[in-house]
Amino acid sequence: DAKTTQPNSMESNEEEPVHLPCNHSTISGTDYIHWYRQLPSQGPEYVIHGLTSNVNNRMASLAIAEDRKSSTLILHRATLRDAAVYYCILRGGLSYNTDKLIFGTGTRLQVFP
Amino acid sequence: DTGVSQDPRHKITKRGQNVTFRCDPISEHNRLYWYRQTLGQGPEFLTYFQNEAQLEKSRLLSDRFSAERPKGSFSTLEIQRTEQGDSAMYLCASSLVATGQETQYFGPGTRLLVL
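Residue numbers (my numbering), protein chains in the order written: chain H, 1 to 113; chain R, 1 to 115.
Looking at chain H on its own, in the form it has when it is part of the complex:
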């Protein structure tokens, strides 16, 4: 399975943008890039995913490098509720016959008032 590398922790102030990086240099052509986050004492929740093009949704934006070897999750205005562990995960297509999520240790984001 292709692996991802993320910083252990990052800090931000409330209402500032946050850029969470992820390196995935061994990504294959069919791997999608997914982001999940885990708030304290909760199960993980989906944030966003993409394949090649940048993606936006109500929670965040995903910027994918042209060579796809890295990506960045962008929180446009961090709030205290965004304090969580953020996981960058690669997922193969349905032809792999499994869609289990392979989590790393993620990036712990602290947000200060």
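Check before you lean on any hint, since a few could be wrong.
[As the list claims (entries may be wrong)] Residues from chain H that keep clear of chain R, each with C-beta distances beyond 10 Å, as calculated:
hint	residue
1	E14
2	E16
3	D99
4	G106
5	P113
[Said to hold, decoys possible] Some chain H residues well away from chain R (every beta-carbon gap over 10 Å; in silico):
hint	residue
6	E45
7	T52
8	A60
9	T72
[Unchecked claim] Pairwise CB distance ranges (calculated):
hint	chain 1	residue 1	chain 2	residue 2	range
10	R	L96	H	I74	21 to 31 Å
11	H	P21	R	D7	19 to 29 Å
12	R	D63	H	E11	18 to 28 Å
13	H	E66	R	T20	47 to 57 Å
14	H	P17	R	F74	19 to 29 Å
15	H	E66	R	D7	14 to 24 Å
16	H	R81	R	S5	20 to 30 Å
17	H	H19	R	D63	40 to 50 Å
18	H	E14	R	S5	44 to 54 Å
19	R	N30	H	N56	21 to 31 Å
20	H	E66	R	F74	37 to 47 Å
Just so you know, these hints were derived from the structure itself, not from any lab.
As the structure is a computational prediction, the values presented were derived from the model and not from experiment.
Backbone N, C-alpha and C define an ideal beta-carbon position, used for all residues, glycine too.
Model the placement of chain R on the given structure of chain H, informed by the hints.
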């Protein structure tokens, strides 16, 4: 609330006892997953079901662990002869699979402590 629910939320047991956890997925979701998470680590995949069929089991799932999903609805995860190393958060997730990139919706987890 129509999310994934898990019961119990917390379980304390003595080494050697058997425990069983239940997961109720989102209605009509055809896939159900079990993960285990220890402190400071990301969740680790244990097993998953498509409807009632168990399609994959991780090597982490020793023969003391068994999971079922009768009738393709709720699922149970049983741990026999618990060991202290089984202490962890057990997470359940469900999804409706069509293309392989569907969101997995997680429950709040069952925290197990083995004394």
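A quick look at each hint next to the structure:
no.	hint	in the structure
1	E14	holds (26 Å)
2	E16	holds (26 Å)
3	D99	violated (5 Å)
4	G106	violated (6 Å)
5	P113	holds (25 Å)
6	E45	violated (7 Å)
7	T52	holds (13 Å)
8	A60	holds (14 Å)
9	T72	holds (19 Å)
10	L96(R) with I74(H): 21 to 31 Å	holds (28 Å)
11	P21(H) with D7(R): 19 to 29 Å	violated (38 Å)
12	D63(R) with E11(H): 18 to 28 Å	violated (44 Å)
13	E66(H) with T20(R): 47 to 57 Å	holds (50 Å)
14	P17(H) with F74(R): 19 to 29 Å	violated (42 Å)
15	E66(H) with D7(R): 14 to 24 Å	violated (47 Å)
16	R81(H) with S5(R): 20 to 30 Å	holds (22 Å)
17	H19(H) with D63(R): 40 to 50 Å	holds (45 Å)
18	E14(H) with S5(R): 44 to 54 Å	violated (32 Å)
19	N30(R) with N56(H): 21 to 31 Å	holds (29 Å)
20	E66(H) with F74(R): 37 to 47 Å	holds (45 Å)
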